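Protein sequences appear in the order of chains A and L. The first sequence maps to residues 1 to 293 in the UniProt record's numbering. The second sequence maps to residues 1 to 275 in the UniProt record's numbering.
Derived from the structure by calculation, the hints contain no laboratory data. Wrong hints could be hidden among the right ones.
Claimed, not checked - Some, not all, of what chain L presents toward chain A, calculated at C-beta under 8 Å:
1. PHE48
2. VAL178
3. THR225
4. THR269
Claimed, not checked - The calculated lysine-lysine pairs, modelled on DSSO-like cross-linking and capped at a C-alpha distance of 30 Å, are:
5. A:LYS239 - A:LYS63
6. L:LYS161 - L:LYS100
7. A:LYS103 - A:LYS183
8. A:LYS183 - L:LYS161
9. A:LYS239 - L:LYS221
Keep in mind that this is a model prediction, so the values were computed, not measured. From the three backbone atoms N, C-alpha and C, an ideal C-beta is built for every residue, glycine too.
These are the residues of each chain, in order.
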Amino acid sequence: MPARRRLTLRDRIVVTLMIGVPLIFVILLVWLPALSSVALSFSRWEGFGGIGSIDWIGFENYKNIATIYPPFWPAIWHNLIWVGFLFLIPTPLGMFLAVLLDKEIRGSRLYQTAFYLPVILSLALTGFIWQLIYSRDQGLLNALLGTQIDWYGDPNVNLWSVLVATAWKHTGYIMLIYLAGLKAVDPGLREAARVDGASEPRTFFSIVFPVLRPINLIVLVITIIESLRAFDIVWIVNKGRNGLEVIAALVAQNIIGEASRIGFGSALATIMLLISSVYVVVHLRATTRGDDR
Amino acid sequence: MKPLRWPRVVLHVFLTVMAVGWLVPLLWGLFNSLRDYDYTGTHGYFSFGGFTFQNYVDAWQRAEFGEKFLNSLYITVPAVVLTLFLSSCAAFVLARFSFKLNLTLLGVFVAANLLPPQALLIPIYRAFREVDLLNSYTGLVLINTAFQLGFCTLVLSNYMKTIPHELYESAEVDGAGVSRQFFTLTLPLVRPALAALTTLQVTWIYNEFFWATVLLSDGDKFPITSSLNNLRGEFFTDYNLLSAGSIIVALPTLLVFFILQRQFVSGLTLGSTKG
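Take these sequences, add in the hints, and give me the full structure.
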């Protein structure tokens with residue numbers, strides 16, 4: 001490390017500030033609150049009074065969540081459906097579109113634009129736009145099908161309606177990531193496969209796909225993150241009730257509004273943290289491995 | 001000229017059908033935003049006619065979009081500037097110097113970006129209430145900045161690592177200190193990455209919904225994305241009005257997208273190809 005020895009006192013101060021200030025931001029506003037959520041999850045606190053009024057009750061919140069909090073298991077189930085759905089439908093579709101568009105066909109730009117236009121809209125806005133399609137009396141879908149289904153309101157179908165709207169956005173995002181990844185694949189690899197007489201699907205699955213490993217990992221993490229964080233669209237539709245329970249919305253419900261149950265909400269938040277720690281580790285391993293290269 | 005081949009034709013037909021299908025929700029919204037409510041009321045939505053701009057005028061007034069746009073501006077601009085500046089600083093130190101803790105520090109930033117915001121809600125809400133940041137633009141700017149730092153730091157430090165070390169060495173010979181190296185050497189060289197990140201961050205922070213919903217209680221301060229709800233009545237909804245409102249809200253991101261399309265696309269993929 002030759003550069004380091006030569007640093008003057010002034011430079012040392014500058015370097016410390018440059019890394020220190022952003023670090024303080026992240027620690028103070030992300031890590032400390034995350035740890036506090038874990039700590040508060042062992043307490044009962046209505047949020048009034050000082051820290052002294054907190055009741056420490058051990059694992060009772062967790063016990064209550066698992067046993068006597070009706071929306072919890074549906075929420076877990078819905079989050080699982082969410083991630084499963086995104087993996088099974090929009091992710092392969094986005095990848096398929098990327099493979100097709102990677103062929104340098106005429107009008108590729110136009111097709112691409114159509115598919116990733118939804119990506120730049122917020123999920124909240126996506127929720128609103130799809131309302132025009134899902135509305136029971138005035139929506140496009142019922143008019144086309146001749147049905148009278150309340151797509152956003154009926155607890156039997158609303159999760160799927162919301163998922164279709166989410167997939168609309170997710171597909172474009174995945175397509176874009178794979179398009180970038182495919183551009184980076186060495187053309188020589190495909191050429192060699194073609195000379196050997198491999199079919200196109202065969203080339204893709206046994207040559208290109210394994211090379212895309214880092215991209216696959218990113219897509220995996222993004223899909224799980226989006227599923228766990230699912231909030232905006234659900235909140236827009238009905239604040240996460242009546243068939244649309246998801247964990248993120250349950251946390252919000254327990255803190256906003258009259259009855260703020262801080263300990264209870266924190267336990268839900270901690271469950272989210274635990275789930276997310278799995279993919280954080282996966283992602284960090286991928287990132288740091290990239291650094292070693 | 002290649003002869004017309006069937007697989008190509010099938011491919012184009014497939015892509016065209018998919019692309020048009022993909023645009024239907026947006027086009028349907030645009031179409032109905034331009035139609036009179038009474039006209040669609042009597043003729044149904046499957047009709048043609050009754051075109052008007054009145055929905056836009058009404059939506060603008062009913063949802064106080066003028067004011068809400070300003071609110072979004074007060075949150076988005078400082079947050080984007082602060083995020084990019086702080087992450088450039090952090091990325092510079094992480095890419096330029098190597099200490100033992102380098103990877104750990106990068107991990108602290110990146111992992112923070114991956115945590116679900118909802119999991120931090122309660123302590124943030126309480127802390128902001130204590131220090132009077134609840135219901136303020138400053139609070140939203142701070143939390144958005146903290147959240148986006150990880151992604152930007154990762155992308156920028158990857159980018160900065162491609163700057164050859166010799167450049168810094170010759171700058172040092174010329175007597176440039178660390179801060180001069182940062183401002184006159186590094187920042188100009190990473191301009192493409194900064195441009196891409198700016199477009200991304202503008203859309204993300206402008207679109208941010210969760211923190212704005214939970215940290216702001218005062219309707220006057222809501223950014224434009226959370227104020228669309230004003231157009232949705234409790235018992236009946238004017239879909240033409242709602243369409244117009246949605247289009248108005250989407251307009252800035254669509255503009256940013258079409259003007260800076262190239263940066264946007266490379267920005268979305270910057271972090272991923274290096275992962």
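Status of each hint after checking the structure:
1. The interface hint given for L:PHE48 is violated, since its Cβ lies 14 Å from the closest Cβ of chain A, which is over the 8 Å cut-off.
2. Interface hint at L:VAL178: satisfied, since its Cβ lies 4 Å from the closest Cβ of chain A, which is below the 8 Å cut-off.
3. Interface restraint check for L:THR225: the shortest CB-CB distance to chain A comes to about 5 Å, inside 8 Å, so the restraint holds.
4. Taking 8 Å as the C-beta contact cut-off toward chain A, the hint placing L:THR269 at the interface holds, the least distance being around 3 Å.
5. Of the pairs offered as hints, the one joining A:LYS239 and A:LYS63 holds, with about 25 Å between alpha carbons and a cut-off of 30 Å not exceeded.
6. Our distance criterion of 30 Å between C-alpha atoms is met by L:LYS161 and L:LYS100, whose separation comes to about 17 Å.
7. Restraint check: the Cα-Cα separation between A:LYS103 and A:LYS183 comes to about 10 Å, which is no more than 30 Å; the hinted pair holds.
8. Note on A:LYS183 and L:LYS161: the hinted pairing holds, with a Cα-Cα distance of about 21 Å set against a maximum of 30 Å.
9. The hinted pair formed by A:LYS239 and L:LYS221 meets the criterion: a straight-line CA distance of about 21 Å does not exceed 30 Å.
Checked against the numbered hints given earlier, this structure breaks only hint 1.
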